[in-house]
Amino acid sequence: MGGLDAGPVQRIEHEYAPWEKRTDAILRLLSSPKRAVLQIDELRRAIEDLGPGAYDELNYYERWIAAISNLLLEKGVITVDELGRKMAEVTARHEAERARGRAG
Amino acid sequence: MSDPHGHSHSHPPHPYQPDLEDAPLTHYQILELAVAELLIEKGIFTGDDMRRVLENIDSRSPADGAKVIARAWVDPEFKSRLMADTNAAAAELGIDAGTIPIHTVENTPEVHNVIVCTLCSCYPRLLLGLPPDWYKSRAYRSRLVREPRAVLAEFGTELPDDIEVRVHDSTAELRYLVLPMRPAGTEGLDEAALADFVTRDCMIGVTLPRSPDG
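From first to last, the protein sequence lines are chains A and B. Using the numbering used here, the first residue of the first sequence is number 39, and each one after it goes up by one. Using the numbering used here, the first residue of the second sequence is number 1246, and each one after it goes up by one.
There's no promise every hint is true.
Okay, the calculated beta carbon distance ranges per label pair [as the list claims (entries may be wrong)]:
(1) Glu1351/B - Glu53/A: 28 to 36 Å
(2) Pro1346/B - Tyr93/A: 23 to 31 Å
(3) Glu1351/B - Ala134/A: 35 to 43 Å
In case anyone wonders, no lab produced these hints; they're calculated from the structure. Every residue gets a Cβ at the ideal spot worked out from N, C-alpha and C, and that includes glycine.
Only chain A is shown next, with the shape it has when bound in the complex (with noise of 0.2 Å):
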């Protein structure tokens, strides 16, 4: 990246949303000297395997996420079911809890 043409750096800031700041204290725990389930260069490459295109379709901690998940089954930690699992869980959980705001 370093070098590329690019236009004026637009001075842009956001406050971290809550998932964002999960999202990096789920990187902080597992590269945590004491876990060291996965490693910053890791993380990177995982990243760059996201392929060009991700860089412009998901924002920064999309791509941290989807790239320390990719890592997670690759190394095993986790498996695509227990993922697939999970995730429909997650969201069967949060959709009763927007229908229970709805009527609430």
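Put chain B on the given structure of chain A with help from the hints.
Below, chain B alone, put in the same frame as chain A:
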């Protein structure tokens, strides 16, 4: 006072994030929750570990870095230790700068330093908090290494041609912190007052500390 939807608008404006329950989660938000829950279930870390890290993230801000810089401005021996080992010097002030080495680079009348991470977003987070979006932007990361003076000018920092600009590219194993020059007109100020002149952006090196004379 209520509107036809039975919803009062007299409450304060919503924060930047609506209630979690109000909007469908994105795919990546679901992924984050699922990954975190699986890792907790597998005992790789606990919910308490996660809360502690989140508290730590929220507790860090450029005020930590500013304390370090202000001390270096008033105490030459501290400054020498800071230049030799930034993490250890920060610890003297009760600031945990973490295990990744941070190297302080000093601005002088001849040299101006500015930091970037061309590969991703490495940043002295434990001294400055989470990085601003522009630090992680493609434009900043691509251009700073090639045309630093033009980028600095976009931040309102116009440097004379005889000042050398050094760009430091951070890595996962080494981070940088810029030690700005103490602004003129601050001679009588104490450390706490000096820290107010040390902004995040001048510790990144894209701006200079303002002078009390304006």
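Against the structure, the hints come out as follows:
no.	hint	verdict
1	Glu1351/B - Glu53/A: 28 to 36 Å	holds (32 Å)
2	Pro1346/B - Tyr93/A: 23 to 31 Å	holds (28 Å)
3	Glu1351/B - Ala134/A: 35 to 43 Å	violated (57 Å)
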